[in-house]
Amino acid sequence: MENQPIPSPTELRTEEFVVNIGPQHPATHGVLRIEATLDGETVKNILPHLGYIHRGIEKMTESMLFKQSIYLTSRMDYLSAHINNHACSLAVENALGIEVPARAKVIRIIMDELQRLTSHELWWGSCAMDIGAVTPFFLGFRDRERILEIFEANTGNRLTMNYITPGGIMRDVLPTFVTDVKELLKKIKGYRHEYDQLITGNFIFQHRTQGVGYLSKEQAISLACSGPVARASGVSCDVRKHYPYDGYEKLDFQEVIDYGCDNWARYVVRMEEMKQSIHIIEQLLDNFPTGDYRTKIKGVIKLPLGEYYQRVETARGELGVYIVADGSNKPYRMKFRTPSFSNLGAVKPTTVGLKIADLMANMSTIDLVVPDIDR
Amino acid sequence: MTKKELKQYLEVTYPNLEVKETFNFPLLLVNKEDVIPVLKQLKDAPETRFNFLFCETAVDQNPNLEMIYHLSSTYYHHDLEVKVILEERENPIIDSVYSLWEAADLYEDEIYDMFGIRFKGHPNLRRIMLTDEWNGFPLRKDYQDDKIISL
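One line per chain: the protein sequences are A and B, in this order. So that you can map any letter, position 88 of the first sequence is 89 in my numbering, and since no number is skipped, the others follow by simple counting. So that you can map any letter, position 68 of the second sequence is 76 in my numbering, and since no number is skipped, the others follow by simple counting.
Next up, chain A with everything else stripped away, as it sits in the complex (with noise of 0.2 Å):
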């Protein structure tokens, strides 16, 4: 019997398949699909099926008071809450011509800049364990707790605040909250070389990332890419600097730009980003303003006839609020420009060519979160 020849690698086929990852995925982070073809390991192609988590908030908001609308913005992206409430106040205050106390100026950007650094952090936590790592999630979630204990002691919730409301801010802060915020810092700063020990230096995370997940410049822009992914192609779009808001033009701190275009230069840039957060939050507590915490606006807000746009800085990138008003009590058409749903177009061009265990390491740091994409 003839032996038969040992086909070679060339003339090997193998067959496209489709495999769907999702809605229940914990890779996903939420209830998102993803129609994955996949030709053996290696990703063809990509499309994303959303609307697990859909709520219809655009359409709620149509039938709601302006105030009322602000809380729901807090259930888009919840790991950002105080920014988007922040973003929506923003966009009552500056059609009205409500000036804010600067008391709550301080604690509005101070709040923000910890929601980032919540939000960063259990990102970096998941992150890792995306890769394959798990001590790093339960090290994320140890020092987001911390900050989640202030935020719970002074808004009174953990997740979805409803602090920052147009005029000010609900409530006062706590006496102790000066303090009890700069010991936090502290502790967050003694834990950053852990981080650094943990993942940065590590050879297999660097290998997972390094060269892995390309989005060049270009690609960033007409995919309208906003916040740490596109700063990690070398897009200079950092809202805060561009479009300042309630005194961050007052504040020293740097846009953190990578032109690495890659997995790494994503984690790269935030884990930067924690630490200008970090140095906007020490300069404000240094002369932390007394007085009002907010002005006295009237129940009912109604906004004259006319379109606004506010945009803000959330932890995924440019948050827009689109209102159409037409004068009376209730928003005629509000929209949520949201940066998860522009993000969500990266997962494409970053993943198609590479191994399927690769598309969980560009989606987890593109940070996309579900609620926020769905809206």
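Hints are computed from structural coordinates only; laboratory data are not their basis. Positions of the beta carbon are idealized from the N, C-alpha and C atoms, including for glycine. One thing to keep in mind: the hints can contain errors.
[Stated by the list, open to error] Simulated restraints, written as ranges between beta carbons of each label pair:
| id | chain 1 | residue 1 | chain 2 | residue 2 | range |
| --- | --- | --- | --- | --- | --- |
| 1 | B | E29 | A | H243 | 18 to 24 Å |
| 2 | B | R148 | A | V19 | 29 to 35 Å |
| 3 | B | R134 | A | P176 | 53 to 59 Å |
| 4 | A | G248 | B | K11 | 17 to 23 Å |
| 5 | A | K190 | B | E19 | 51 to 57 Å |
| 6 | A | T177 | B | E29 | 45 to 51 Å |
| 7 | B | E29 | A | K60 | 27 to 33 Å |
| 8 | B | K11 | A | T201 | 41 to 47 Å |
[Stated by the list, open to error] DSS-like mimics (lysine-lysine), calculated; alpha carbons at most 25 Å apart, straight line:
| id | chain 1 | residue 1 | chain 2 | residue 2 |
| --- | --- | --- | --- | --- |
| 9 | B | K40 | B | K28 |
| 10 | B | K91 | A | K331 |
| 11 | B | K48 | B | K11 |
| 12 | B | K12 | B | K48 |
| 13 | B | K128 | A | K349 |
| 14 | B | K15 | A | K242 |
| 15 | A | K68 | B | K149 |
| 16 | A | K276 | A | K242 |
| 17 | A | K60 | B | K149 |
[What the hints assert, rightly or not] Example chain A residues on the side facing chain B (calculated, C-beta under 8 Å, incomplete):
| id | residue |
| --- | --- |
| 18 | L51 |
| 19 | G52 |
| 20 | H55 |
| 21 | E59 |
| 22 | A96 |
| 23 | I222 |
| 24 | A225 |
| 25 | C238 |
| 26 | G307 |
| 27 | Y309 |
| 28 | G321 |
| 29 | V325 |
| 30 | K336 |
| 31 | S343 |
| 32 | D375 |
Guided by the hints, dock chain B onto chain A, whose structure is given.
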């Protein structure tokens, strides 16, 4: 360019088109047929360089539907709102801007899902949030659903 300069520039460059302003941005009203050439010119002209489509949405101004494009520039950091009024309500159709910005892929899927506006030249137009069998387009003002429960 500042808002005022940009408005003047648009008035000079597009004498046939109406230029208004919203609270934040200058507003350019474009005819349905010219949407691709005008947006392409705005994107490529060295004075404006609007290369960042940061928001694309629609508004139902009963009976008209309006397409809204929010453009920004990563070079100059100035913004512009472009509005297209669609008079047809039964089967509104407009050219897709996917050829100019890839971001339009997801944005236009959502607009089709919520407003029923079709996009000519879109690579994969689908109902992205709701099911394919869903009746009606929820963000239209005349949308009716028996299942809506008032809280």
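Against the structure, the hints:
At about 20 Å, the CB distance of E29 (chain B) to H243 (chain A) agrees with the hint of 18 to 24 Å. About 34 Å separates the C-beta atoms of R148 (chain B) and V19 (chain A), a value consistent with the hinted range of 29 to 35 Å. Range check, R134 (chain B) to P176 (chain A): Cβ separation about 55 Å, and the 53 to 59 Å hint holds. Checking the proposed 17 to 23 Å range against G248 (chain A) and K11 (chain B) shows it holds: the Cβ atoms sit about 22 Å from each other.
The supplied range of 51 to 57 Å is met by K190 (chain A) and E19 (chain B), whose beta-carbon atoms lie about 54 Å from each other. A beta carbon spacing of about 47 Å between T177 (chain A) and E29 (chain B) agrees with the range 45 to 51 Å that was offered as a hint. In this structure, E29 (chain B) and K60 (chain A) meet the distance hint of 27 to 33 Å, their C-beta atoms being roughly 28 Å apart. For the pair K11 (chain B) and T201 (chain A), the beta carbons lie near 43 Å from each other, so the given range of 41 to 47 Å is met.
Restraint check for K40 (chain B) and K28 (chain B): satisfied, since their Cα atoms lie roughly 17 Å apart, inside the 25 Å limit. With a C-alpha separation of about 23 Å, the suggested pair K91 (chain B) and K331 (chain A) falls inside the 25 Å cut-off, and the hint holds. Note on K48 (chain B) and K11 (chain B): the hinted pairing holds, with a Cα-Cα distance of about 20 Å set against a maximum of 25 Å. A hinted pair counts as satisfied when its Cα atoms are at most 25 Å apart, and K12 (chain B) with K48 (chain B) qualifies at roughly 22 Å.
Among the hinted pairs, K128 (chain B) with K349 (chain A) is consistent with the structure: their alpha-carbon atoms are about 23 Å apart, no more than 25 Å. In summary, the hint linking K15 (chain B) to K242 (chain A) is supported, as the alpha carbons are separated by about 24 Å, within the 25 Å threshold. Annotation: proposed proximity of K68 (chain A) to K149 (chain B) holds, straight-line Cα distance about 22 Å (limit 25 Å). Our distance criterion of 25 Å between C-alpha atoms is met by K276 (chain A) and K242 (chain A), whose separation comes to about 16 Å.
A hinted pair counts as satisfied when its Cα atoms are at most 25 Å apart, and K60 (chain A) with K149 (chain B) qualifies at roughly 10 Å. Given the 8 Å rule on beta carbons, the hint for L51 (chain A) holds: about 5 Å separates it from the nearest Cβ of chain B. A distance limit of 8 Å between C-beta atoms decides the matter here; for G52 (chain A) the minimum to chain B is near 4 Å, and the interface restraint holds. Using the Cβ-Cβ criterion of 8 Å, the hint placing H55 (chain A) at the interface with chain B is satisfied: the shortest such distance is roughly 5 Å.
Look at E59 (chain A): its Cβ gets to within about 6 Å of chain B, closer than 8 Å, so that hint holds up. Taking 8 Å as the C-beta contact cut-off toward chain B, the hint placing A96 (chain A) at the interface holds, the least distance being around 6 Å. Taking 8 Å as the C-beta contact cut-off toward chain B, the hint placing I222 (chain A) at the interface holds, the least distance being around 6 Å. Among the interface hints, the one on A225 (chain A) holds; its C-beta lies about 4 Å from the nearest C-beta in chain B, closer than the 8 Å criterion.
Checking C238 (chain A) against chain B: minimum C-beta separation of about 7 Å stays under 8 Å; hint holds. Interface restraint check for G307 (chain A): the shortest CB-CB distance to chain B comes to about 5 Å, inside 8 Å, so the restraint holds. With a cut of 8 Å, the hint placing Y309 (chain A) at the interface with chain B holds, because the nearest CB-to-CB distance is about 5 Å. A cut of 8 Å between beta carbons decides the hint on G321 (chain A): the least distance to chain B is about 6 Å, and the hint holds.
Evaluation of the V325 (chain A) hint against chain B yields a held restraint, the C-beta minimum of about 5 Å falling below 8 Å. Look at K336 (chain A): its Cβ gets to within about 5 Å of chain B, closer than 8 Å, so that hint holds up. For S343 (chain A), the suggested interface contact is upheld, since its CB lies about 6 Å from the closest CB of chain B, less than 8 Å. This hint holds: D375 (chain A) has a C-beta 7 Å from the nearest C-beta of chain B, less than the 8 Å allowed.
The structure shown violates none of the earlier numbered hints.
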